[in-house]
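Chains as they are written, first to last, in the working numbering: chain A, 1 to 147; chain B, 148 to 294; chain C, 295 to 441; chain D, 442 to 588.
Bear in mind the hints are in silico, worked out from the structure with no lab data behind them.
Note that the structure is a prediction, hence the values are computed from the model and not measured.
Misleading hints may appear alongside valid ones.
Heads up, simulated DSS-like pairs for lysine-lysine below, C-alpha to C-alpha not over 30 Å straight-line [said to hold, decoys possible]:
hint	chain 1	residue 1	chain 2	residue 2
1	D	K553	B	K259
2	B	K244	C	K391
3	D	K538	A	K112
4	B	K259	A	K112
5	D	K553	C	K406
6	A	K112	D	K553
7	A	K112	B	K244
8	B	K244	C	K406
9	C	K406	B	K259
10	C	K406	A	K112
11	C	K406	D	K538
12	D	K553	A	K97
There are 4 protein chains.
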Amino acid sequence: MRQGESMTILMDAEALNAFLEHEFPQVAGSYRVIHADAAVLTARLAVDVAHLRPGGTVSGPSMFALADLAIYCAILSRLGPVALAVTTNASIDFMRKPAADRALRAECRLLKLGRQLAVAEALIFSEGLDEPVARCSMTYAIPPERR
Amino acid sequence: MRQGESMTILMDAEALNAFLEHEFPQVAGSYRVIHADAAVLTARLAVDVAHLRPGGTVSGPSMFALADLAIYCAILSRLGPVALAVTTNASIDFMRKPAADRALRAECRLLKLGRQLAVAEALIFSEGLDEPVARCSMTYAIPPERR
Amino acid sequence: MRQGESMTILMDAEALNAFLEHEFPQVAGSYRVIHADAAVLTARLAVDVAHLRPGGTVSGPSMFALADLAIYCAILSRLGPVALAVTTNASIDFMRKPAADRALRAECRLLKLGRQLAVAEALIFSEGLDEPVARCSMTYAIPPERR
Amino acid sequence: MRQGESMTILMDAEALNAFLEHEFPQVAGSYRVIHADAAVLTARLAVDVAHLRPGGTVSGPSMFALADLAIYCAILSRLGPVALAVTTNASIDFMRKPAADRALRAECRLLKLGRQLAVAEALIFSEGLDEPVARCSMTYAIPPERR
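The shape of chain A in the complex, shown without the other chains (with noise of 0.2 Å):
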């Protein structure tokens, strides 16, 4: 987010990293956040053989679902732990192969935080290649409760 908003998160990448566990037990063991501040969130797959696909490569729903995981908790961080959020649009490009021995690492950045919407993006790099690996977008719905 930009100037004219709040600059302040409610859930830092510890209150988030519990968060997960409690909530996702079944992925909070692979997808980790790393950071959070109200700028940016980083969050961090730990590849291993399940998200592989032939060729030595990491899987394409993998890569989707560590950007699903950066992009809702990067909501949480502003908005507190509302379980119920939803994606309801996601568009992905894939644009280089990820390394298989390389845990990705997911950058992203809210764009808009509204009171029934919000839109964020997220950049995915492969530790040790420079280039991003794949670009997200998504929309979340936010549940009325919390507006």
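Following the hints, complete the assembly by docking chains B, C and D onto the known chain A.
Using the frame of chain A, we list chains B, C and D on its own:
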């Protein structure tokens, strides 16, 4: 595809499932091709606890993975077993909440099968609901050795 | 829309065109609704030199505008003359080159008409070609006063 | 683009505007490249009554056209005057309402410039507002004669 393009397929549902079991053993247990002809391909995800999210629904990445598999198989059904076709872009709208205890079904139609790019769309249904729970379109890059 | 949702429309092609002429006089000369029922809406762009691009083809923004108009009218056909429904997201695939001297036709289907969001898809055809030249999906936000 | 790829451009803002005036005379009057370097390209739409919509805002297709032009020019700035690069996919989020009486500005960054496909993103600003009014990503196919 519509009239004017090839109306024959090179791989049917049985051949596609055998290919998935050999190349993608980690997903072949949950995802299956149900039907494939020149007009439509139907695939199915047997939803289990690994695909669920809080609130009793199926995760977005699981729906994305089903659409990705259905579209990949629709391309293979026309081109033969080309393991290296890769997704370059995906757009997905999540429209309704799938039931947690029902399988998901994707209905996929190829819209373009060019020399370099293929475009397809898929509607995803939660078994027992008439309305689609999600809509997805994807672009795949076709490897040059198969053109 | 499918069974289980309202199968009636509040505005037909004639009513939609009268609305466009009144509210959007700058586009109503080129873009027309041809047909509207509960299942599908068809709209047409009479391509002229303003819509062309080098190489003898129709510009991407002209195709985007046709899809946007068709989807907007499909929503109005169900809700009545709500001028303030707004596009929040669009995804478009340009698949084939339209002929420069033929009209374009959009076929639009509503996939969801919720209280806050509507989702629809459109295929765009260049008259005389069987294959679609573009595919588009859009999300509209429905103004609260009409819910 | 980031380190590791070419950091030089073949066409600057002046050369791009001359190209637009020659190849796209119907749009060159409203759309201009303001700045182009290896990191970012900025383009501007001088909004006039033809771009407006009811409610005092700029039409979606006008914003789409600005993003398309900015991304096209960013690719040309690297490749030289290749008139035949074509958009294959676009995803756009309309996030805020632009002012009717202010110009729009697009800031575009190339994320990938491959042999066959280029991917770029653009943020669109309404002059005088700090927050972006729209976000867009597009894929272009690069004609083989230029690879």
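- Measure nothing beyond the straight line between the CA atoms of K553(D) and K406(C); if it is 30 Å or shorter, mark the hint as holding. At roughly 34 Å apart (the allowed maximum being 30 Å), K406(C) and K553(D) break the hint.
- Task: Mind checking the alpha carbons of K112(A) and K553(D) for me, to see if they're no more than 30 Å apart?
- Result: With Cα atoms ~25 Å apart, K112(A) and K553(D) stay inside 30 Å; holds.
- Between K406(C) and K259(B), does the CA-CA distance stay at or below 30 Å? holds (25 Å)
- Query: CA of K406(C) to CA of K538(D), is that 30 Å or under?
  - Reply: holds (24 Å)
- Regarding the pair K538(D) and K112(A), is the alpha-carbon distance no greater than 30 Å? With Cα atoms ~12 Å apart, K538(D) and K112(A) stay inside 30 Å; holds.
- Pair hint outcome, K244(B) versus K391(C) [Cα-Cα no greater than 30 Å]: violated (37 Å)
- Are the Cα positions of K406(C) and K112(A) separated by 30 Å at most? Satisfied, since the Cα-Cα distance of roughly 23 Å is no more than 30 Å.
- Can the restraint linking K553(D) and K97(A) be considered satisfied, given a maximum Cα separation of 30 Å? Measuring from Cα to Cα gives roughly 12 Å; hence the hint holds.
- Query: Given the proposed pairing of K259(B) with K112(A), does the C-alpha separation stay at or below 30 Å?
  - Reply: The given pair, whose Cα atoms are some 34 Å apart, is violated under the 30 Å limit.
- Query: Taking 30 Å as the top limit, are the C-alpha atoms of K553(D) and K259(B) close enough?
  - Reply: The hint holds at about 23 Å.
- Given hint K244(B) paired with K112(A) - CA-CA distance at most 30 Å: holds (24 Å)
- Query: Straight-line Cα separation of K244(B) and K406(C) no greater than 30 Å?
  - Reply: Holds, at about 12 Å.
Checked against the numbered hints given earlier, this structure breaks hints 2, 4, 5; the rest are met.
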